[in-house]
Every structure is written in structure tokens, then in C-alpha cells.
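Asks: Protein chains in written order, with this note's numbering: chain A, 1 to 285; chain B, 286 to 614; chain C, 615 to 950.
Because the hints were derived from the structure by calculation, they are not lab data.
Where a beta carbon is used, it is the ideal one built from N, C-alpha and C, also for glycine.
With a Cα cut of at most 25 Å, we get these calculated SDA-like pairs of lysine to any residue: (1) A:41 with A:238; (2) A:10 with B:306; (3) B:340 with C:754; (4) B:383 with C:858; (5) B:419 with C:858; (6) C:617 with C:944; (7) C:617 with B:439; (8) A:10 with C:764; (9) B:347 with C:844.
On the chain C side, residues computed to face chain B include the following (Cβ under 10 Å): (10) 846; (11) 943; (12) 949.
The chain contents come next:
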Amino acid sequence: MLNVLRDLLKYDGRFRVAALFLLLTLLLAALSWVSPQPPNKTYLVPPDVAPSLAYPFGTNSRGQDLLWWMAFAVRNSLMLGVITAIVSRVIAIFVGMIAGYRGGTIDRLLMSLNDSFVVLPVLPILILLSFLLQGQLSLVALALLLGLFGWPWDARLIRAQVLSLKERSFTRTALYSGTAPLQLTLREHLPFVLPVVFATTINNMLWSIGMEVTLSVLGLADVTVPTIGTTIFWANQHQALVAGIWWWLAAPILVAVLLFLGLYLLFSSVNEFIDPRTRLRRIGA
Amino acid sequence: MALLQLEDLHACYRTEVYGISRSVRAVDGVSLELYENEIYGIAGESSSGKTTLIKVLSGTFKPPLRVESGRVHYNFGSFAVDMLSIDPEELRQNVRWKQISYVMQGSMSVLNPVRKIMRTFEDIVRTHQGIADKKSFVEQTRQHVQRLGLPPDVLDLYPHQLSGGMRQRVAIALATVFHPSLIIADEPTTALDVVVQRGVLQMLKEIQNESANTVLLVTHDLAVHANMADRVGIMYAGRIVEEAPTAAIFQRPRHPYTAHLIRSLPSIGDKTIREGLGGAPPNLASPPNGCRFHPRCPLAIDRCRTEVPPLTTIAPQQRVACHLVTEAG
Amino acid sequence: MRKFVLSYLIPRIGQYLLVIFLGVTLTFVIPRLSPNDPVEQQVSQLMMSGSQVSPEAIEHMRVALTEMYGLAGSPWEQYWAFWGRLLRGDLGPSLSSFPTPVNQLLATAMPWTFGLLIPSIVISWVVGNILGAIASYYENNRVIQVVDVVSQAVRPIPYYIMALVLLAVFSYWIPIFPFSGAYPPGARVEFSLSFVLTVLYHSLLPLLSLVLIGIGGWFIGMKSLTSNIIAEDYVVYAENTGLPRRQILTQYIMRNAMLPQITGLALQLGMLFSGALIMEVVFGYPGMGTLTFQAVMANDYTLIMGITLLSIVGVATTVLILDLIYPLFDPRVRIQ
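Bound conformation, chain A alone (with noise of 0.2 Å):
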């Protein structure tokens, strides 16, 4: 695992970018732990400053120091994608080993059912949703609720892996050679799941992460919490832009980025690194 981790960020321009932009967002996270300002009281500093060195995001309109309120806003960000990345993977993971090992009926009845989720533009159903909580839903609720719509592109992959798996020669020998079934499932097949479930760990936060920033914005989520999403709805609430408060923009925005895009280069550096494919191709065979 280490020599995984020493190889990646030595030869993997990208995994080095990702390595350094998620270690930023974790330390500022880190600092909501230390901050000097509780994050849901208003007015603890001179509004409207500018970033300076006393304030390096500057504060907003709210008296609010947003070097601090940012350091929850991430905190509470991650805990999101992570949460809704446990409640899918769950799902997930279930769905895609039932449809695989089980085949015939099963899987044909599990994928329709997921393929019918694939496609239902999820938004709307959120707004919905969210709409009829009125602000009620709480930042753990929302996460549960993302992740139980988040796992259909997954299950599919799962899938697939354990169909592949399935077929493999080696699969063929255990059981004639007589394995268990669980056992197979267990200790042969689940080495090779895992590092899908891994990669798609990090898609799937990309995509809960990015969704509570869209129900935030729109008001739909409880506005009171900091999130990168809430922070974006205060913003845009006191008209920061046309005000020209353009910092209290500029930071959830660098965060997000520096968020996204590391989660992102993680996702698709572990990606390359998991898939025989693109390893093959590398070295030409």
C-alpha cells in the first residue's frame, strides 16, 4: 500500500496536483477545530473587509471571519460526501453483487430498476423534496437522501466486475475444486471489487458534494449550517457580486475548485492505476 502510495506520487503528475490540493482542504477543515469563531453567530468582526493579513478570505457581509466560516464549510462538506458515499456504496455494493452472482431474473429485474434510476433526472425529484422539508432537512438527512439516490451508476459497474470476475478461469477451478461460494466471494472476488468501490468512492462524493451546493443555492437546505453550497446562497442573498464583494465568492469558489478538481485527479490517477487496461497499454503489450 505504501509502495503504491510512494510509486503514484512519484510518477503520477497528477496524483501529485491531487495529493497537494486535498491536503489544503483537509488542513483548512482541520482548522475548524481551532477556529475562535463559532460558525452560526453573526457579526464577531467588521463586516465587508476586504482579505488582508488579519483576514486572508476577507469577511462578509455577516461580520463573519471567512477564513473560519470556510474551515466548517469544508468540514461539513466532506462529512457530506463521505456519509452519502457510505449509504450508496452500501446500496451499491448489494445491488451490484446480487445482479452479478445471481443472474437470469434477478439481475435483469435489479438493472431495470437501476438503469430506471439512471436515468430520472434526480434534481427535480430533490427540489421536491427538499421543497416539502422547507429548510428542515438537516445536513446529515440530505447526505442520507443523496446517498439513496446515488448508487445506480455504481451497482453497474460493480456488476460488470463481478460478471468479468464470474467468467475468469480461476473462478471456475475454486469452485470445482470446492470453495465455498462466500468463501470464493470473499476472499477471491472482493480484492478485485474494492478498488472500484474505491474510485467510484470519489465519484460519487464529487456528485453529493456538488448536489448540496445546487440545493443550497436554491435555498432548499438548512442555510444556518456552513457549506461550500450556503456560503454561495449568503453571497448571492446580500448580492456580493453587484455589491462588490467579489471575496465572499472568491473563496467558497477557490475551495470548491481545489475540492473538486483534487478529488477529481485522485479519482482518475487511482483509475489508470487500477485498471489493467491502461497499465497494459503503458507498457505496449
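Based on the hints, put chains B and C in the right spot on chain A.
Replies: Okay, now just chains B and C, sitting in the frame of chain A:
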């Protein structure tokens, strides 16, 4: 004058992945000549360098495969070509398919799945000859296919509608549209069942008889060589270890490796158990010193472990690389 | 032909019906699971507004709203009534601009959304795929390498952030584009050259943000598809036959790599649609996204229901159309 003179070819794969660089010398000092109007067979196990060799001969090698040294000289009668220094555009326009065509390994999937067979013919003919009159082109193509014993209606089908044997025949028909000087056939029958195999081979042989061109037939299947080839070259670990006319090599193989290959062929009525050969082909990233076959050779002597046996002519048209044979004289 | 109908056509149509069934059922169930009663919400909103309303009037309104939301009767009766109204195309009156039917509001907004969404999808799909294919076939081209880096950087950025960046740069920092709207406030909506040009000018930034992210995504997808197809036997074979590189790229590589990208388009349509909605909100563009935002702000429950249902049916139908077109490009599906 030989059609092809290949002199001391060295080619290797050099790769670097996540910092691990590897160099595999797949072809290591191969020399041979191909004459007009013959079928030359190359035999050897997988990873003996057969495929690499024909990649170089057909001028289709790309990094990571690199030619380190050697000379690949073609004489097509009207003009000569040095494969290692020819301009890619000239190679594409004048040599490819007009002079050298190719029946690929895995011909099952060489046809573009979204194009009708006729379109593939059209692409190739348009590139190299131009199509002035579409009607007469269609007519000529139908005749060409029919001459080779294929129903002309296959031209209006998509590849996925054809059986494996049919696809392979189409591939041969494609390879012969311009009556090239050299047809390279790489494992042309490996994926086919035995009955279909026979038909495809017959077709190949008839074409060669008719147009008197050269066929370079590469396959691990010695039975195919016995039926088809005029001369056979045996490759082992990137080198040719023996080369002789087909009859000679099957009647009296000289190299221990060849002898072993031929002994392992089944023959009717013989029910003795075949002997296996111990060990595995060497890792070409770090091949053994001396004769590369010595770790598996039952007859190896000390000299075999240190000194590379040169490919020596021991009879007209017969060459072998083995200390035992050359020492015994 | 029979096999094509049985193994391709019928499953697709079945899938289509399943998507609609699931979507409509979700839209029906969600409000009924919500702890908030939309009728009571509306009533309390009215009472809070401070106007003098008699208890009888409130009771009357409660009955009317219950009827309108389809909340009368047993759940099964409600469900059937819900489908009935939907199939008749009756989405009820909008609450915020009572008594304008929701249908009419949607009909006004839809052309704007389509006008933004269709060109952006077409442009980004075509450009992204062409660049992606070139990228892996001509690996050492400088321009392509730059496109590659930019695509990697742009692809993961959420639509909203991209819109804000463009807005900040081209409307605030270098003020060459308008802040919002599809035309200047007060302009008459008409079919004249000058009005069309104004709309184009106003639409450029929203379009650009959709197209930029879109190109990034299709580019990366196509590049990885192509680099696998390059190693396919039929491409290597075409190279050996001496076909010109350009022909190999277009008719052998792109033609085949295009197939999974069509499927990809069908699968991503839902997401693309959502992206366009958000884009409209940022740019105050008068399509369905902005309508959604207004509905949220005005607590217009029927309007939001209408938008949700229309989105589901619209996206699913487009996917079905793409599925029906697909066999034209892939003979392996068409002729079995």
C-alpha cells in the same frame, strides 16, 4: 535475387511503467531469405519471437517495439525497399497491400464491425488504386471473391453475420486483391476448427499456386507447416535454431529442439505416450547464456552453456544452430 | 427483424414505461411521506399573511386545497386520480400566479430551456468527441495536450461554480456580458432580428458554461474509449492495409467509439438537464430552472409538482428517442 534479405535483426521491447523499466529482446540476431514463389513457414512456441519478427518484416512496428540493428531489404522486381529506413508515407502508398499484405492473427475481428464487407474492399481499393467506375469495381470484387470460392453475397453482409471460417476467407480475399509479392499469414487458422482449417489452408495454397507469390506462414502448428510450407524455420527464444526444406526437416530434424517438436506430433496408429519437455521457454528479459535451449536440452554439453552456437549451413538450404551437430560435422 | 423487436425494441419501451412509473410514483409518494401537510402549510401561510379571513372561508379553502392536491379519498383512489390527471395533461392551477394553469407557465418556460440545452449538448458532444478522438490518435500534438489539461481541470467543476466564475470574470471583472436574463428587462419578446441577436448575446455565457463542462466530459470519455479502440484488431488491420490516417480516425476509430458515447448521452441526460436548470438560476435565464427557483421562493407546490413530472417524462422520452435512433448507427443491433 531473393525477395527479402533479412540480416542479423535485433529488436526489443523497451518499457517504463511507474519507474520500472524493462527491456525484452524478442528477436535476437535473425537472418533469413525469402524467395519468389515459395511458402516459407516459421514455427515456434508462443513468445519465441514469431510475431515480433513479422511486425518488423511488415513494417508495422511501433514503440515500445524498437529495432536495434539489422537490415530488412526487399526486392520487388521493379523497385527495392529498405524497411528500416523507408519514409512512412512511401511505405503506406507503394508497399502496403500492393506488395506486402497481411492475414492477421485473430482475423475474427479484423473487419470493421459497422461496415459492410464491400465497404472494406472499397476502402482498400480506393486508397491504392482509385475507383473510377463504381459499377465495374463492384463487379470485379464480386468476381474476385467468387474465384476464391466465396459466395459474392457475403460482400453485402456485416462481419458479425459471418462465421469464423467465412471471415478468415474474406480476410484472405482482402489480402489478395492486388496480387501482392508477399502475403504474411500470422496464425491464419489457429482459432478455427479442424474442418474449416483445412478449407482455409487449401484456399491459401491455391492462391499461392496461381499467382506464384511468396507466402510467409507463421504458426505454432507443425502439422500446418508439413502440409503447406516449402521451407520451414524453427524459432526458439528470439532466434532461428534450424531451417531446412520441409521434407528434410520432418524426416531428419537436426536440432534437439526441432527433433523434440516433431517427435511430439501424433501419427495414426501410434499409441505411445508422448514425452513432455521439461522446463519452460526462457524469460527474454534475462535469457540464459550460450545456447538458449541448453537448460531444457537433454543433450547439452559444457560448451552449450557458455558459447552461442552460430547458425551454420550444413547442407544446401539447410542451416542449424547447435554445437552437437556442427562438432559432429 | 422479429428478434430485433423482441430483444431490443420491447425491452427499451418497457424500460421507458418503468422509468415513468417510478418517477410518477415517487412524485406521488414523496409529499405523502413528508411530515409537513401541504394543505396546512398553505392555510397557515395565508393566516400568517395577516389578512382577515373568516373560519368558514378557511375551512372552505382547506376542502378546496385538499381536492386540488388530490388528497381526498383513500391512498389508492388518490393514486389513480393522480395518474388520471397526469394522463389528461392537467397539472392544476399555479398557486403563486393563481389561476394561471401550471401547463401554461411550463409552456412559456420550456422553449428557453430547450433553446439552451439542445445547442449546448449538440456542440459539446460533437466537439468533445472529435477532440477526444484526435487526442488519443495524435498523442503528441501540442494543442491537444493543452485541451487535455484544460478538460481534466474543467470536468469535475460543478455547473454552478463554473457559471459563477464566468459571471465574475466576464460580467464583473471585464464587463462585456450582461449579468442576467435572456434579454434586457422590459424588452418585448418578438421574432425580429434584433431581438434574436440580443437573446444570443445574453445566452452566450450560460451556453458557454454548459458547453465548457460538457466538452471536458465528452473529451475525456472519448479519449479513453479511443485509446482502447486503437488497439482493436480492425484498426491495426486498417493501418496495415495502408489506409490514410484520417480515414482510419474517422471511419474506423470515431465511428466505433461513437456508439458507447451515444449510450453515454442517453444515460447522462438526466444530469445534463439538472445542470441546465442550475445554470438558468445563476444567469436569471427565463427557463424551467428559474421557474423552479421562483416556485420554491413563492411556495408554489403545484408548480413544483408540475416541473418535476414534466422533467421526468421529458428526460425519459428523450432517452427513449436516443435508444430508438441507436440501431441506425450499430448494425450489430439492427441485424441479428
